[in-house]
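Asks: Below, each chain spelled out in residue letters.
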Amino acid sequence: MAVKTCNGGGSPHCWAPGDLFYSSKSLLHHGVSCRSTGFVLTCLGLVLLAYPPRCSAGSDVTETCLTCHSDKTLSTKRGPRTVSLLVDGKKFAGSVHSALGCTACHADLEGKDLPHETPLAKVDCGTCHSQEKEQHAKSLHGKALARGDSLAPRCVDCHGNHDIVPVKDSRSAVAPLKVPFVCGRCHSEGTPVQRNRPIHQDHILENFSESIHGEALFKKGLIVAPNCASCHTPHSILPHTDPASSIARRNIAATCTKCHAQIESVHRKVIRGEMWEKQAHVLPACVDCHQPHKIRRVFYDQGMADADCLRCHADPNLKAKDSRSLGVHAQQLAHSRHVKIACSQCHSEVNASRVRPCETITHKVDCTSCHAEVAQQYQKSVHGKLLAASDSNAPSCKECHGTHEILGKLNPDSATFPTNVPTLCARCHREGKKAAVRYTGAQHEIIEHYTESIHGKGLLKSGLTVTATCTGCHTAHAILPKTDPESSVNRKNVPGTCGRCHHGIEEQFEHSIHFLADGKDGKQTPVCSDCHSAHAIGRTDQEAFKLDIMGKCGKCHEAIAQTYFDTYHGKVSRLGYTKTARCYDCHGSHDVLPPSDPRSHLSRANVVATCQKCHAGANRRFAGYLTHATHHDPKKYPFLFWAFWGMTTLLVSTFVIGGVHTLLWLPRALQMRRELKAEEARLESAAREAEGSAGPSSEGGAKL
Amino acid sequence: MTPGKPELREYVRFSRLNRVLHVLMIVSFISLALTGMTLKFSYTAWAVALSHILGGFETAGYIHRTAAVLMVGVFVTHITNLIRRKKSEFGTWRNLIFGPDSLMFNRRDLTEFIGNLKWFLGRGPRPAYGRWTYWEKFDYFAVFWGIAVIGSTGLTLWFPTFFTRLLPGWALNVATIVHSDEALLATGFIFTVHFFNTHLRPEKFPMDIVVFTGRMKVIELQHDKPREYEAMVASGKLEENLADPYPPIVLRAVRIFAWTALTFGFCIIASITYAMVFAYR
Chain A
1 MAVKTCNGGG SPHCWAPGDL FYSSKSLLHH GVSCRSTGFV LTCLGLVLLA
51 YPPRCSAGSD VTETCLTCHS DKTLSTKRGP RTVSLLVDGK KFAGSVHSAL
101 GCTACHADLE GKDLPHETPL AKVDCGTCHS QEKEQHAKSL HGKALARGDS
151 LAPRCVDCHG NHDIVPVKDS RSAVAPLKVP FVCGRCHSEG TPVQRNRPIH
201 QDHILENFSE SIHGEALFKK GLIVAPNCAS CHTPHSILPH TDPASSIARR
251 NIAATCTKCH AQIESVHRKV IRGEMWEKQA HVLPACVDCH QPHKIRRVFY
301 DQGMADADCL RCHADPNLKA KDSRSLGVHA QQLAHSRHVK IACSQCHSEV
351 NASRVRPCET ITHKVDCTSC HAEVAQQYQK SVHGKLLAAS DSNAPSCKEC
401 HGTHEILGKL NPDSATFPTN VPTLCARCHR EGKKAAVRYT GAQHEIIEHY
451 TESIHGKGLL KSGLTVTATC TGCHTAHAIL PKTDPESSVN RKNVPGTCGR
501 CHHGIEEQFE HSIHFLADGK DGKQTPVCSD CHSAHAIGRT DQEAFKLDIM
551 GKCGKCHEAI AQTYFDTYHG KVSRLGYTKT ARCYDCHGSH DVLPPSDPRS
601 HLSRANVVAT CQKCHAGANR RFAGYLTHAT HHDPKKYPFL FWAFWGMTTL
651 LVSTFVIGGV HTLLWLPRAL QMRRELKAEE ARLESAAREA EGSAGPSSEG
701 GAKL
Chain B
1 MTPGKPELRE YVRFSRLNRV LHVLMIVSFI SLALTGMTLK FSYTAWAVAL
51 SHILGGFETA GYIHRTAAVL MVGVFVTHIT NLIRRKKSEF GTWRNLIFGP
101 DSLMFNRRDL TEFIGNLKWF LGRGPRPAYG RWTYWEKFDY FAVFWGIAVI
151 GSTGLTLWFP TFFTRLLPGW ALNVATIVHS DEALLATGFI FTVHFFNTHL
201 RPEKFPMDIV VFTGRMKVIE LQHDKPREYE AMVASGKLEE NLADPYPPIV
251 LRAVRIFAWT ALTFGFCIIA SITYAMVFAY R
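Each protein sequence line maps, in turn, to chains A and B. Counted from 1, the first sequence has number 148 at position 148 by the numbering used here; the numbering is strictly sequential. Counted from 1, the second sequence has number 239 at position 239 by the numbering used here; the numbering is strictly sequential.
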């Protein structure tokens, strides 16, 4: 019993790599298995020392059997065939099973008289190798066997029978170097299996031997190089369509990373390693690029090199059936960021065995294979959702990034280089263009406003590439409408978005009463864009902003803004004068707090200093000036109310008295005018008469 | 019909100094009104435009304060002149203030006022006015009142940090109301009632320019101020108060100035009316 256990444990030890292909979970199991194997081996040693006679007992049986089976002529008829029954005693003695007697395997001979009846029952390796038996039973081979497929391999077909040696022994039929040939006995061109069974790969053995793995194994003799069993497992061989298979799409990454442990860091730039397992359905599996059996360091070489594609596609007049141009400028490719990426890496689904490898292509280029993270953002974005809804206006990757001429965003020639971004977005978002036409929000002439804004000027006139561009605020790929809580321009996220550059301001703003709160009347407190606008952001030290701010604050603080305009500061600012106190000069801009807050610029402790910013000699009494006073409120401002009504009464009564006096006077004045005219005329005629007697010579003197 | 013939000579009603002061008063008053009302009616588009025309609010402020100083200067000059005349002509304040030609109100003004109202209603003859009618006296003292009220509040608003050492902060608010409403009263009164009473009366139409030339026809004096005329004739002083009229070019210049001032006045009234009636907030 102990011996059986020992052998049963020994076998998985040899094939440990093959058994543990399935997942990272089985790696854990692997550790446990190693420890238990070690324990079992130790037990084996002890048992062998304690019971040497059992071994000799086996030898006795073997001796007995060999008396007949060492005869080379001993044979039997199985159907039409004559089968030799010779057992090479020497080889058996050297085999791993030599310590066991023949009857340990040929169990039906136990206690039988010799010579025995034929045929014997089939040897059941599973008596000892129960785990392998189980794996085999579930495997492709085991199931074929169960179906009665005559081509299905049994244990002996791979391992041999009486001459089984440990797998580490180079004489073993399943030694690493031999495995490809063991498998190749069935899985190579022309064999019944390859011809009659649905095997989807061709030239497996040839391809493998030419692959980087095969080369390492055969040419360099590296027995650690993977052979068939390394990927397919020795006993749990399953089709790749079976989710439990070591080469199933979900598991292939785990299988490859068993050896290529560092491969994640190699691919990290393009794919986060963990996603291979988590999102295997989205991401390409290893074999998508590194084709099974043909794996080379330089892949896609034969028939699928860029040069092969350009044989046709270099022609600028090449057209698709729907008259799309299929020409590719080699020059563009050479300067693009993807210069090291082969055509077929993006235009996947090519088949090198065709004259036109591209004729098997059925899908458009999918950038998400490599750019998984941005792809995820994009798919959630308004652009991505439109694309998913097959909207003809939706921009896909190439709309912004281009195709073969794709350049990095740090390249000034790239459409995604900061200074080019506004032009890029303007293609759709300029007034009248396809995105602007569908847009129903309040933002208009976005591009024009941006260009004139402080950001636009910084970017386009001053050439500051760190200036906020469209993508600076809206993000490049996760563009969402502001109503979406995840949008970078959603109200809740605006301070953070602006704060990415204006960090100091954000810190101040966080402590203000406006910071993401709800006002008393249910109105939401303002965020950056409510005062600074979104696209037309101007310099705050320029008149336009200074004069506009009262209206901005007044949107919510309606009454208080109105009373501001009733007092000196408000009146002069309405005249376009900017050197006077505006809302933020007293209340603070980003750190605005209610005057009751001790930190406020208008708290009792701070108000005089605030006035002194402009009025150097201000004292506490001066600070008592009512900056928001109105003379219409007798309760709050009685002095002003009565001063106003006192003056108004004085005014009205004076005007009434003066007016009535004047109006009463008017008819008399007119009458008086008539009388005077008449008198004047009388006098004039009298004068003329006098003149007439004096003569015309004195006329000049009269005029003087 | 020789030059200097008594019929052609005119009665000199205003001294040269008083005429100059009136011109300066007009200049400063209109400047103050224009610049001040841009602020008072800042909610109207014309105020904003006017403020820009005046060189922006800051410049308008300088103009306003310069004009204020000028007006106070006019006032001080007049008082100084009074003091000088008190010494040379009247001897005592009593004679100056309560003399027959004084601008101080007296009982006769009341009877003349009542008589005038009767005349308005056709119940009696026009009162025989002396040197100063009651409305002229009213206009004269309105300046005293205006200078005192608008001047003091204006000064407070000019130096708020100084005055709040003595006054509470809200006094500035009150000062603003008083300053601006009193100015409104002054402007409105001068450009309507005063214009009508003294310059634009139909019988003097188109304009009485005596305040600029200082000269009025004797016949006019006879009509307007019969009591003064008679006193002059009785005392025989009429002749020494007569002078040759100014040459036409001077009169032309005077009329241009007067019409300009009048136009400003009417524009200001129109603007105020618009702001108060149609755009009031």
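These aren't lab readings, by the way, just hints derived from the structure by calculation. Careful: at least some of the hints might be erroneous.
To be verified - Lysine to any residue pairs mimicking SDA-like chemistry, simulated, CA-CA at most 20 Å apart: (1) 677/A to 207/B; (2) 677/A to 665/A; (3) 579/A to 159/B; (4) 555/A to 545/A; (5) 579/A to 62/B; (6) 217/B to 674/A; (7) 579/A to 61/B; (8) 217/B to 382/A; (9) 457/A to 382/A; (10) 143/A to 223/A; (11) 677/A to 62/B; (12) 204/B to 122/A; (13) 434/A to 388/A; (14) 237/B to 61/B; (15) 204/B to 676/A; (16) 636/A to 106/B; (17) 122/A to 85/A; (18) 552/A to 442/A; (19) 677/A to 157/B; (20) 137/B to 106/B; (21) 204/B to 664/A; (22) 677/A to 81/B; (23) 258/A to 315/A; (24) 579/A to 157/B; (25) 677/A to 137/B; (26) 118/B to 442/A; (27) 118/B to 122/A; (28) 137/B to 665/A; (29) 137/B to 656/A; (30) 461/A to 535/A; (31) 482/A to 461/A; (32) 217/B to 678/A; (33) 220/A to 122/A; (34) 112/A to 144/A; (35) 492/A to 382/A; (36) 433/A to 545/A; (37) 579/A to 222/B; (38) 635/A to 62/B.
Asks: If a hint holds in the structure, say so; if it does not, say that too.
Replies: So, going through the hints one by one against the coordinates:
1. 677/A to 207/B: Answer holds: residue 677/A to residue 207/B is near 15 Å, not above 20 Å.
2. 677/A to 665/A: Roughly 18 Å separates the two Cα atoms, so the pair holds.
3. 579/A to 159/B: holds (17 Å)
4. 555/A to 545/A: Holds, at about 15 Å.
5. 579/A to 62/B: Judged against 20 Å, a Cα distance of about 15 Å means the pair holds.
6. 217/B to 674/A: Roughly 18 Å between the alpha carbons, so the hint for residue 217/B and residue 674/A holds.
7. 579/A to 61/B: holds (13 Å)
8. 217/B to 382/A: violated (90 Å)
9. 457/A to 382/A: violated (28 Å)
10. 143/A to 223/A: violated (30 Å)
11. 677/A to 62/B: Violated. Residue 677/A to residue 62/B sits at ~47 Å, over the 20 Å cutoff.
12. 204/B to 122/A: Violated, because 147 Å separates the two Cα atoms, which is more than 20 Å.
13. 434/A to 388/A: Holds, at roughly 18 Å.
14. 237/B to 61/B: Distance of about 48 Å is beyond 20 Å: violated.
15. 204/B to 676/A: Holds. Residue 204/B to residue 676/A sits at ~9 Å (cutoff 20 Å).
16. 636/A to 106/B: violated (44 Å)
17. 122/A to 85/A: holds (14 Å)
18. 552/A to 442/A: holds (16 Å)
19. 677/A to 157/B: violated (51 Å)
20. 137/B to 106/B: holds (10 Å)
21. 204/B to 664/A: holds (17 Å)
22. 677/A to 81/B: Not OK: residue 677/A and residue 81/B at ~38 Å, beyond 20 Å, violated.
23. 258/A to 315/A: Not satisfied, since the Cα-Cα distance of roughly 45 Å exceeds 20 Å.
24. 579/A to 157/B: holds (17 Å)
25. 677/A to 137/B: violated (28 Å)
26. 118/B to 442/A: Roughly 70 Å between the alpha carbons, so the hint for residue 118/B and residue 442/A is violated.
27. 118/B to 122/A: violated (152 Å)
28. 137/B to 665/A: holds (17 Å)
29. 137/B to 656/A: Within the cut-off at roughly 18 Å; holds.
30. 461/A to 535/A: Status holds; Cα separation ~16 Å.
31. 482/A to 461/A: violated (28 Å)
32. 217/B to 678/A: holds (16 Å)
33. 220/A to 122/A: violated (40 Å)
34. 112/A to 144/A: violated (33 Å)
35. 492/A to 382/A: holds (19 Å)
36. 433/A to 545/A: Violated, at about 30 Å.
37. 579/A to 222/B: violated (58 Å)
38. 635/A to 62/B: Violated, because 36 Å separates the two Cα atoms, which is more than 20 Å.
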